[in-house]
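Taken in sequence, the protein lines are chains A and B. 245 is the number that this note's numbering gives to position 238 of the first sequence; each next residue is one higher, with no gaps. 164 is the number that this note's numbering gives to position 163 of the second sequence; each next residue is one higher, with no gaps.
No wet-lab data here; the hints were simulated from the structure. Computed from a predicted model, the values in this text were never measured in an experiment. Where a beta carbon is used, it is the ideal one built from N, C-alpha and C, also for glycine. One or more hints might be untrue.
As the list claims (entries may be wrong) - Chain B is nowhere near these chain A residues, computed Cβ spacing over 10 Å in every case: (1) Arg56; (2) Ser141; (3) Glu154; (4) Asp171; (5) Tyr238; (6) His269; (7) Arg275; (8) Val298; (9) Gln346; (10) Val386; (11) Gly389.
Said to hold, decoys possible - Derived SDA-like pairs (lysine to any residue); straight-line CA-CA distance at most 20 Å: (12) B:Lys192 - A:Gln67; (13) B:Lys506 - B:Pro153; (14) B:Lys143 - A:Tyr110; (15) A:Lys399 - B:Ile565; (16) B:Lys192 - A:Glu104; (17) B:Lys199 - A:Gly100.
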Amino acid sequence: MKTLNSVWAFLALASIACAAHTSNWAVLVSTSRFWFNYRHLANTLSLYRTVKRLGIPDSQILLLLPDDMACNPRNAFSGTVYSNADRRMDLYGENVEVDYRGYEVTVENFIRLLTDRWEEGVPASKRLQTDEGSNILIYMTGHGGSEFLKFQDSEEISSWDLADAFSQMREKKRYNEMLFMIDTCQANTLYRQFYAPGVIATGSSEEDESSYSHHADNDVGVAVIDRWTYYVLEFLETQVTGPTSDKTLGDLFDSYDVGKIHSNPGVRWDLFPGGEQAGRSRRVVDFFGNVQNVEVQGNQTGVESLKEDLQGLKRLVQDYQAFAAAQESNKTEMSDVVQRRNLEAVSSGKIRQKQRHTVGKLQLSENAQWARQVAGATVLSGLAALWYFAPKLM
Amino acid sequence: MRLSILLTLPATLLSLIYAQEQHSYTEHLHLKPLPDNSLYAGFTFTSTTPYTAYASNHFRYFPRSLAQILQYTHTAELHLRFALGRWDEESWGSRPRRGLREGGNGVELWAWMDGAEEGWSDLVNSLSGLFCASLNFVDSGKTTRPVLSFEPEGTLEELQRKRSRTGELRLLHGMLPHEVVCTENLTPFLKLLPCKGKAGISSLLDGHKLFDANWQTMAVDVRPVCTPGGDCILEIEQTVDMVLDIERSMRPRESPIPRPLPIEDVTCDETKGYNGHDTCYPRRPKGETAWSLSSVFGRPIRGSCALGGSEKQEYDITFEVPSERTVEITSETTIPQSTTSSGSRTYRLPQNADFDLNLPHQVLGSSAQASTLEQPPLYASRQLTGHGAERGGMHTLLRNPHPYTQRIVYLESLPWFLRPYMHTLALSGAGKMEKMFYTPLLDRKRGTHLELLIEIQPLSTVELTYDFEKAILRYTEYPPDANRGFDIPAAIIRVLPSSNNSQSKQGSYLRTTSLLLPLPTPDFSMPYNVIILTSTVIALGFGSIFNLLVRRFVLVEEVPGNAIAGVVRRVRDGVARIRGMVKGGGVGRVDNGGGGVVKKGEEVVGGEVRKVDGGGRGGKKDR
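The whole structure should be built from the sequences, with the hints applied where relevant.
Laid out in structure tokens, this is it:
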């Protein structure tokens, strides 16, 4: 009996330790317009097909495509988008759902989508309806620079905007873990300002480095895929073959080859609980696939309540055995049994504590505030002195 | 007691059967080869549901997602169109279904709803989520309330009476001419069908071929049909019309770019004067091209979608083709076929087998070539005239080819940045304007709504012109591809039924093309260029010019002392005096004016200390 109890306890601990996610969402954003940016849409659509193949349904994928390449009059292959010159896989296919298209792909809509601040009437298919158990994959591609990303050649989103949006998501408990992937020029600068925990970020090139396209298709007429995305897809297609694949993020990031990608991709682990070690052990399908765990709501985990039920049953069995024995021996120990049970109920009620979730409070250190106030006062007084004494100097 | 039970039993059975009949689904495909190697294909999918089932959320063939949107927004009748291309009236004749299922380029939506603006905004938002189109851009600036142009297809008054609602249903209409129509619009369209595009004629619909068509419309029409004294049913009719170019559709998906054949396979036109061993004009093959359904659409029809109610229809496919044309059927089972009175062939689809029509190459006799095309009721074309970025003109040509008078309703919904001058509205030619409904524009809030009832004399042409002014938009109101221009939605022309023809009270519809309006567009690189240029000019020029203007060269002697330097000098003197007193014990100090000890390398000249080696002190004196 003791070993059984210890086994139950171990299992309970184990289930608490690996906080599993309960849903998977993907937000795939292309930010470029015009025919010559065909490859950005092809990048995004390749990722779309990959996450669909690994199990995420359309209702949990938000696809943002600012321009139309498939039905573009310049497209010789009508209704088709290719990401490879061998033209073996049609990315548009017969079943595609684009949630935001054309002029709807704006910085404002993207930030509203992330933080779920919509006005009335926005349909559910355009909302990121995640909760605290959702793992989100965010993939962005387009033209960018140091700490900014261009949206449709008319506006920009900066790395600070992204960082603030993610921290809002954290406060609103909108994600469990997030994988942020970005393929633009100087991509690694985009995740430099993140400060929300639980985010793994990876980009295609360092500061002052460009990201390059991989190859062009002569009949389509433009470049069809970018280098970093091409090699990420190669890993995903050859190694992550199904929704139950065991490949980890460590394997994915180790597959980066600077000689092939022609730029230095980067990974940021410091925001992830457990750092690089924990992040590397996460499976790729935790973000790209749709593995669902079930979480039982309540004060105890299922294992613990089962344990308690077993103990209660044990007690009941003992009591009835005693009662039966008393009946046989014609002694009225019934009253004793009832008394004992009442006492036990009272004591266990006191012992059993309700487990409450403690919400992490935002700590504002008092010292930091004071220091800031003093610094501000000195600056102000210095400026005032300067203003007062300046005429005397001249 | 028992008698009443006995009587109610057949009644309940009858009502059950009747109710079952009310849930019905039928589909139909109309094929018609057009001159110049084109093929018209019209797909119609109709499902009905009784109104009571709809109100209690019990759906069988009617799509639930659309029904919930209609319920939530209190829409009685809905018409939604996705269209691209242009119907070539000269080559193809009159439009299919009398233009009732056609839309202007892009997306067009009109609905009868009870309620105010919130219902319309909810409707466009929900439809944008359902159909993956940016319908949410249809706001008050793009919405109009047409008066004469549209008639409800359903029995709306009966419906209102049955539901004992008193308010009137209002018609709202919106158009988005710049909307792209692509596979992401077809996917949810097919998902509304009971067979989801997997069986029946919907299995032919493929985004690759459909959006390569010369002209294409997808339509969703929902209307209530109430019989007086009976129940109401809600009917949804989904239509896909297309005109495919047969040769282009038969190109393989892997290499759609036509490449020339090797010269050995080309037959030369020998009647040409220049025909020789090195000059060859390829001869057009005579007769009708060989084609089949699977080569044009990419796949054969897979089975049939025979659900409740399809027994009412005798055939699934109507093929309107001259009687001499050989048509072979490729299918595993025998297909029941017949011929209608008009000479079209009809077929019934097999339940679980593929179906393909094969037409071999054939040279038809001249009698068969005689045009069976119907003369369209009207020819219309619309252009923008004028030049420059400030103003322009609109010019519409309406031609009546029939020997009787036509009365038409001409509806235009113009965006607010196109400001027409109504005093310049002129109708010239053999026609007169009977009525005019006009709502002027409000900048940034509402566009122009212009509706004209025009009568055109037989066999004559009418020209409608007016001038307009273009607005200058604010910097942030331009779209990301501003230099492309702005799209003006198509004009909708409704040809009212004349007393001669036995047409329904709807009449027929035709739409002009949408237009592209170039507005004065700023140079968006301008602010950056100005900042760079100005900063460079200031950096290079300002410093030198300021110095030139302000700097004055003076001798060292003329420079007056300034206050702080005096204070500093006095402090330094005092310190040096104290030091001297401490060190030298009050030995007479040299009055050198600069205070204190004369250092090595310095000499006292004229009461001032100056460095002997004459360091770079310039004209200024350092005291």
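- Message: Flag every earlier hint the structure violates by its number, smallest first.
- Response: Every hint satisfied by this model.
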